[in-house]
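Protein chains: 2
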Amino acid sequence: MKKLFFPNIYLALIHHPVINKNGETIASAVTNLDLHDISRAGKTYGVKAFYVATPLKDQKELVERIVEHWTKGTGATYNPVRKEALKLISVKESFNNVLSEIEKIEGISPKIVVTSAKKRLNSIDFSGFRKKLKEGAPHLLLFGTAWGLAREIIAQADYTLSPIMGNADYNHLSVRSAVAIILDRIIGYEDH
Amino acid sequence: MKKLFFPNIYLALIHHPVINKNGETIASAVTNLDLHDISRAGKTYGVKAFYVATPLKDQKELVERIVEHWTKGTGATYNPVRKEALKLISVKESFNNVLSEIEKIEGISPKIVVTSAKKRLNSIDFSGFRKKLKEGAPHLLLFGTAWGLAREIIAQADYTLSPIMGNADYNHLSVRSAVAIILDRIIGYEDH
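Taken in order, these protein sequences are the chains called A and B. Position in the first sequence counted from 1, then plus 395, gives you the working numbering. Position in the second sequence counted from 1, then plus 395, gives you the working numbering.
Just chain A, same shape as in the assembly (with noise of 0.2 Å):
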């Protein structure tokens, strides 16, 4: 039987540095529904906070625009329930920006942890991780917009959590879906 637990943990989603089609670092747009689906995710499973990173200007103030409008706006009124999701999104300039905020709300480094469809020496599966969040040390799990995560970014992971495999051999979901489902898995206590 799972126990019910409440992890320290906070997400991200990396607009910059993410790699295109052709394995080129760019920046890419925010998508509304991202902001929407994963912080009622979060939400649902205790995240601290959302932080969604980019260093262009003006997606910058569109997702600030977002966030008022159902924090502070006719949003608010129209869907309360939605005001207390979108309010753990904050925006952040880049990856370190979102590493400091943390680290001036904890009083230490979170351990960082990225997904990733490749296997990796620091290889971490959804087990190992939830056991990890138990011991009640800082987490920030990391999400890669288009292609996903540059390898700079990779590079300062504490450990890279296992590709989520369902019963065939695809696994191409969306950062959505994929928030979704490691949030359930390493956090849910439904036995199933």
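Every clue listed holds true.
For identical chains, the list gives no copy identity; a pair is met inside one copy or between any two copies.
Pairs of lysine-lysine, DSBU-like flavour, derived with a Cα cap of 30 Å:
| # | residue 1 | residue 2 |
| --- | --- | --- |
| 1 | K513 | K443 |
| 2 | K416 | K482 |
| 3 | K397 | K513 |
| 4 | K526 | K398 |
| 5 | K529 | K398 |
| 6 | K478 | K514 |
| 7 | K514 | K443 |
| 8 | K452 | K487 |
| 9 | K487 | K513 |
| 10 | K416 | K467 |
| 11 | K397 | K527 |
| 12 | K487 | K527 |
| 13 | K514 | K398 |
| 14 | K482 | K398 |
| 15 | K514 | K482 |
| 16 | K478 | K513 |
| 17 | K526 | K397 |
| 18 | K482 | K513 |
| 19 | K514 | K397 |
| 20 | K416 | K443 |
| 21 | K482 | K526 |
| 22 | K478 | K416 |
| 23 | K482 | K443 |
| 24 | K529 | K397 |
| 25 | K478 | K499 |
Derived from the structure by calculation, the hints contain no laboratory data.
Starting from the known structure of chain A, arrange chain B on it as the hints suggest.
Chain B in isolation, oriented as in the chain A frame:
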């Protein structure tokens, strides 16, 4: 240890009849990312087909155009992996048309399972649903858009699946996230 298995399961996303915020029956608009995210999750977990039910002519055409772009158009060449997922999609006029299509394929009616935030008499939990699937009979898992499936659809269900709970007093996931987590819980084979 969970075992790998291949269930006989179909998904349908219902756009009518669903309810709005005030409990009135409406036909909702199709969301592009529902098509992508749910078909990709369906492909990951070996779902046999993903039906998108809407009676609205312009919405049916929209879905058909999107599916054609990714399965036959330039999208298919740009991203062949996406093509494999979107091929699961069929547009249907109504829930009844989805049912008769599955009856044609399977020779019998599928068991109908709905998701709901409320506990009901015919409730089934995730491990109970997994057991049913292992027996091999065809199952149709229904998801509602907007504020959820109308009562007349829920009344036709053989089972109502337990709501997804994380570790917080908040269960307001997007339908995209809910589909991903449910498929992982009932079909996924990794222990965590």
